[in-house]
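The listed protein sequences correspond, in order, to chains F and V. Residue 374, in the UniProt record's numbering, is where the first sequence stops; the numbers in between run on with no holes. Residue 374, in the UniProt record's numbering, is where the second sequence stops; the numbers in between run on with no holes.
Just so you know, the hints here were simulated from the structure itself, not pulled from any lab data. Be careful, since some hints might not be right.
You can't tell identical chains apart in this list, so a pair holds if it fits in one copy or across any two.
Said to hold, decoys possible - Okay, derived cross-link-like pairs now, EDC-like style, lysine to aspartate or glutamate, Cα gap no bigger than 16 Å in a straight line:
#  : residue 1 : residue 2
1  : K22       : D89
2  : K201      : D345
3  : K47       : E68
4  : K22       : E68
5  : K351      : D202
6  : K39       : E59
7  : K39       : E102
8  : K87       : E24
9  : K206      : D235
10 : K47       : E63
Number of protein chains: 2
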Amino acid sequence: MRDIRLQKLAHLIINYSLNIKKGEYLQIRGSVVTEPLLKELYREALKVGAYPEITTYLEGVGEILLKEGNDEQLNFVSPVSRTFAEKYDATIHLLGGVNTKELAGVDPQRIVARRRAMKEIIDIQQKREAKGEYRWCLTQFPTHSDAQEGNMSLDEYADFVFKAGLIDKEDPTAEWKKISEQQEKVVKYLDQKKEIHIISKDTDLKMRTEGRKWINCDGKVNFPDGEVFTGPVEDSVEGYIRFSFPGIYAGKEIEDIRLTFEKGKVVKAEAAKGEELLLAILDTDQGSRTLGEIAIGTNYGIQQFTRNMLFDEKIGGTVHAAVGSAYPSTNAKNESSIHWDMLCDMRDGGKIYADGELFYENGEFLFDVIEKGI
Amino acid sequence: MRDIRLQKLAHLIINYSLNIKKGEYLQIRGSVVTEPLLKELYREALKVGAYPEITTYLEGVGEILLKEGNDEQLNFVSPVSRTFAEKYDATIHLLGGVNTKELAGVDPQRIVARRRAMKEIIDIQQKREAKGEYRWCLTQFPTHSDAQEGNMSLDEYADFVFKAGLIDKEDPTAEWKKISEQQEKVVKYLDQKKEIHIISKDTDLKMRTEGRKWINCDGKVNFPDGEVFTGPVEDSVEGYIRFSFPGIYAGKEIEDIRLTFEKGKVVKAEAAKGEELLLAILDTDQGSRTLGEIAIGTNYGIQQFTRNMLFDEKIGGTVHAAVGSAYPSTNAKNESSIHWDMLCDMRDGGKIYADGELFYENGEFLFDVIEKGI
Chain F
1 MRDIRLQKLA HLIINYSLNI KKGEYLQIRG SVVTEPLLKE LYREALKVGA
51 YPEITTYLEG VGEILLKEGN DEQLNFVSPV SRTFAEKYDA TIHLLGGVNT
101 KELAGVDPQR IVARRRAMKE IIDIQQKREA KGEYRWCLTQ FPTHSDAQEG
151 NMSLDEYADF VFKAGLIDKE DPTAEWKKIS EQQEKVVKYL DQKKEIHIIS
201 KDTDLKMRTE GRKWINCDGK VNFPDGEVFT GPVEDSVEGY IRFSFPGIYA
251 GKEIEDIRLT FEKGKVVKAE AAKGEELLLA ILDTDQGSRT LGEIAIGTNY
301 GIQQFTRNML FDEKIGGTVH AAVGSAYPST NAKNESSIHW DMLCDMRDGG
351 KIYADGELFY ENGEFLFDVI EKGI
Chain V
1 MRDIRLQKLA HLIINYSLNI KKGEYLQIRG SVVTEPLLKE LYREALKVGA
51 YPEITTYLEG VGEILLKEGN DEQLNFVSPV SRTFAEKYDA TIHLLGGVNT
101 KELAGVDPQR IVARRRAMKE IIDIQQKREA KGEYRWCLTQ FPTHSDAQEG
151 NMSLDEYADF VFKAGLIDKE DPTAEWKKIS EQQEKVVKYL DQKKEIHIIS
201 KDTDLKMRTE GRKWINCDGK VNFPDGEVFT GPVEDSVEGY IRFSFPGIYA
251 GKEIEDIRLT FEKGKVVKAE AAKGEELLLA ILDTDQGSRT LGEIAIGTNY
301 GIQQFTRNML FDEKIGGTVH AAVGSAYPST NAKNESSIHW DMLCDMRDGG
351 KIYADGELFY ENGEFLFDVI EKGI
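In isolation and in its complexed conformation, chain F is listed as follows (with noise of 0.2 Å):
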């Protein structure tokens, strides 16, 4: 059975957000249960004459490995990663499974040990993206896991999600250029400025962004998309921040998060609940407690948190930060083998400002402010 949203978001991945070209090697990777779009997106990446393939895998099997396997199978990384990582011009990763809770009852030292070892495929990946020889993108299908962690029916959330997506639109690519085309104001704007101050209820948290680059994300690399983010200057993040919705790692949830930082590095964090599991992020490697990104969600067509970072990040009225590894794309250097985010609601009485000026206040941007800047 198909569903033709499935085909426009399909066609809309290929062409708009990836671009791919004839002859060249995508990945297309999901849970068995992400069925459909898998093959909506081999189906368009056929036309285009490009040489697909389906990589699906099965949940549970993770969680076995990191039970039942060893130290040396737990660090191993197959050659088959590695020719992928290596040979591959894009992939695809597709969100949606079956259950949101299924490395729950995994010990996290062993969640971080496995992202440590396979730290050595993503390096692979950014180098030849930095280089312009690889790109990504993630996106959602819809299924009752997601349906309920977002506390939805499954029929309501696919329509939650094709409608971030506007794939409910007549023409989806047509409306995301000219939400990119908005957005760009925003990027030349901050490009300009040195420092980001940003005070909402308990956060007070100043950052310099001088030489780093701001990143119009316009659904190219996630879809939905909708945020501009830079990476900050590694040593400069000073106060604190105190994070509205619950943070979630391998499908634990961490509630109240409170971080301060000085000179760049969290020298203090809580959490109300999942303290323990916090600290172990931040503890993973030496990265992992410097803030590798700042950004402004700008999709105001997300309104509802539904425990899904990639819906989540983007609402329009909210900022996130994310300790450990920083995108090269904007001159950020932090590496880290986690890159994790956390969510901060501005739209009640929240404020931004760049080298002292407001820019941004209750969950908006102030655009006479910013046109009239660049």
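Please arrange chain V on chain F, whose structure you already have, making use of the hints.
Structure of chain V alone, referenced to chain F:
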């Protein structure tokens, strides 16, 4: 949910059949519906310290490629297939899917073209296998689709599958070792012989087997198992054979196949139904009109024809022949991108002579003759 029979089967395959060792790279391959067995095999492989990788495929994707791909896409061999073929020590292939008629609507020429393209991968594996660097095992996960094909309910079919493999016994491994010993007598006897003569209904086929090795199939490469086979001297096959059971190729049936051989090649081929496909198969390439294998089924625990060659060819009381590629372990030479088995019932008056001596009659070995001859 975990079925103890799958755990016993997985344990037997990893230990008895393949003898997977610590540090080995193992690929476990099956359709998404074979999930329970994929996971048990994965667990057993972890237990012995190996590095297992599950490859799950979606049915329907092959159909999309064959129907919608262009010639280059049909001929494309992914570097990932090469990595598996070159670097993995062993592969477990699981039969069992959602629909045995998946490819029934595909042009047979497209199917054979794809087979030809993938021959490169098979060649790499066969070369490594000949050097003892690679091994594989094929087994069945019971599914509704295969039960339906065999005219049974799923529960009945599962019982059939496990009984055929002696999984219902307390110590299946001990049972298979006993079978192996009994078959070894037949192999020792036949290894000394120069000519085989098979007589049955509308069948009178002679072939030389001098210098060829008979193989004892005792659950290492196929499971369930139960046959002895060799590859006849390529240009020596003379006579005619009528196959009692329909041949099945990519889900399509070919009924009442009759082949005539001269100097080892099929010179005449007829079928009551599906003759076009039969001729397409025989014309796949240079080697597809030559007999690559002659075999005698020995599993008297399998008495029903279920339209699944893994089981059908093992039926105690039958003989099977395959056109196409030979197994190098038999010293046979034929190369082809196909290896296609056809089955012949010997229980009603069938006879097999070795160097003129009757050693098999009405579907049974004459063990007094065999034991006298070794």
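Practice task
May I ask which of the numbered hints given earlier this structure violates, with the numbers listed in increasing order?
Solution key: Hint check: nothing fails, all pass.
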